[in-house]
Amino acid sequence: MTRPSVAGDRTSGAPNPLVDYLLRVADDRLVLGHRLSEWCGHGPILEEDIALSNMALDLIGAASALLALAGTVEEKGRDADALAYFRDETAYRNALLVEQPNGDFAVTIVRQFLFDAYSVLQLDALSRCGHADLAAIAAKSLKEDKYHLRHSSDWMLKLGDGTPESHERTQRALDTLWRYTDELFVKDAVDHATAALGVSIDLDAIRAQWHQLVTDVVGRATLTLPTSTVRAAGGRVGRHTEHLGHMLAEMQIVARSHPGATW
Amino acid sequence: MTADSQWPLWEVFTQGSKGLPFAHAGSVHAVDAENALLNARDVYARRGEAVNLWVVPSSAIVASAPSDAGPFFDPGNDKAYRHPQFYKAPRGVVVF
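Read top to bottom, the protein sequences are chains Z and B.
Just so you know, the first sequence maps onto residues 864 to 1126 in this note's numbering.
Just so you know, the second sequence maps onto residues 214 to 309 in this note's numbering.
Chain Z extracted, bound-state conformation:
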C-alpha cells in the first residue's frame, strides 16, 4: 500500500464521479458500522450486544469491499485502509443520519431501522446495476441487510408498542432523526454522472417504497410518523454534523499514530 500522508486528505480527491459514488455507499456503512461497534460490551443484554456487534461487522465488511473497489477505480494506489483511516471528515461522503451518536437504545434502533429500510432497497437496485463488481458486493450485502432490517423492525415494534417509557423514547428518537432521512434520496451531479456509466438507481421509486415500508412499521409500532419538514443535509458533499469528527478521531488514531503498521 502507498504510505498515506499522516496529515490526512481533506478532499475526496475524486474527479471520477464513480469514485465519489462508491465512497458514498461505502462511508454510510463504515460510519454506521463503527457507531454500532461502540455498543460492543455495552449492549442492554448479552444477546443484543452480540447482535449489534454482528451487524457492525457486516457493515464494516461491506464498507471494506466497497472502499477497496473505490481505490481500484480511482487508480491512485489507495487501498481500503488508506481510504478509511487517512481521509479527513470533509472527505467523508456518508449521509448525516448514520453519524448521529448512539444515544439510548431507542435512538440506535430508530437510526438502524431508517437506514436498513433504505439500504435493502438501495442494495437490491445496485445488485442489478451495470457495474459488475459493485453489483456483486451489493448482492452479498443485501442478504445481510435483510436480516438487519428484520432485527431493527422487530425492535421498533417492541419498543414502540412496549412500555410508556419505551414508546416515548422511541417517538422522540424518530422525531429527532427524521430530519436526516431526506438526504438519502436526493439526487445530485454525482448521481447523474454515474447514471451515464451504467450505475443508476431510481431514487424516487426507492423513496416511495421506503416511505411505505417505514409508514407500515411505524404504524404497527403505535408510533406517529413525524410531520416536520425540517431537513438537514450535506454529508454527501463532506459537510458533516459536529459528531463525525469526534468519531473519526477515535477511529483513526491508531492507524495514524503507526502508519503502515501491521499485526
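Be a bit skeptical, because a hint or two may be false.
Calculated pairs, DSS-like style, for lysine-lysine (alpha carbon to alpha carbon, straight line, at most 27 Å) [unchecked claim]:
| no. | chain 1 | residue 1 | chain 2 | residue 2 |
| --- | --- | --- | --- | --- |
| 1 | B | K231 | Z | K1003 |
| 2 | Z | K939 | Z | K1006 |
| 3 | Z | K1009 | Z | K1050 |
| 4 | Z | K1050 | Z | K1003 |
| 5 | Z | K1021 | Z | K1009 |
| 6 | Z | K1021 | Z | K1006 |
| 7 | B | K231 | Z | K1006 |
| 8 | B | K292 | Z | K1009 |
Residues from chain Z that face chain B, not an exhaustive set, calculated with beta carbons under 10 Å [said to hold, decoys possible]:
| no. | residue |
| --- | --- |
| 9 | Y1010 |
| 10 | R1013 |
| 11 | H1014 |
| 12 | W1018 |
| 13 | K1021 |
Just so you know, these hints were derived from the structure itself, not from any lab.
No residue lacks a Cβ here, since even glycine has one placed at the ideal position from N, Cα and C.
Please arrange chain B on chain Z, whose structure you already have, making use of the hints.
Chain B only, in chain Z's frame:
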C-alpha cells in the same frame, strides 16, 4: 448477580445440514419467539453452523430428576433377554 433478572430463557436447537437431526446448541434470553429466533441466529448460527433453527421455551422442557437415575436408567444388564442381540440382522440392515 442475585436472581436471574434477565429475559426468559429459550433452548436453541440447530440442524447442521438438511436431513441431520436437530441438536441442542445452548440457550439464549429473549422476550418472545421471534426475538429468541433472532438471538439464536446471532449467537449460534452466524458462522454457517446451521441451516435450520428451533427455539423452545426452557420452561416447556420436562426433564428427568437426578433421583430418577436408578429407576429410569439402570439398564438391567443382568436380564439378557431384554436385549435384542440374539437376532440375526438381515443383510442391508445397519446394526447399531
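Going down the list of hints, with the structure as the test:
no.: 1; hint: B:K231 - Z:K1003; result: holds (23 Å)
no.: 2; hint: Z:K939 - Z:K1006; result: violated (31 Å)
no.: 3; hint: Z:K1009 - Z:K1050; result: holds (24 Å)
no.: 4; hint: Z:K1050 - Z:K1003; result: holds (25 Å)
no.: 5; hint: Z:K1021 - Z:K1009; result: holds (18 Å)
no.: 6; hint: Z:K1021 - Z:K1006; result: holds (23 Å)
no.: 7; hint: B:K231 - Z:K1006; result: holds (20 Å)
no.: 8; hint: B:K292 - Z:K1009; result: violated (58 Å)
no.: 9; hint: Y1010; result: holds (8 Å)
no.: 10; hint: R1013; result: holds (7 Å)
no.: 11; hint: H1014; result: holds (6 Å)
no.: 12; hint: W1018; result: holds (9 Å)
no.: 13; hint: K1021; result: holds (7 Å)
Against the hints set out earlier in the document, violations occur for numbers 2 and 8.
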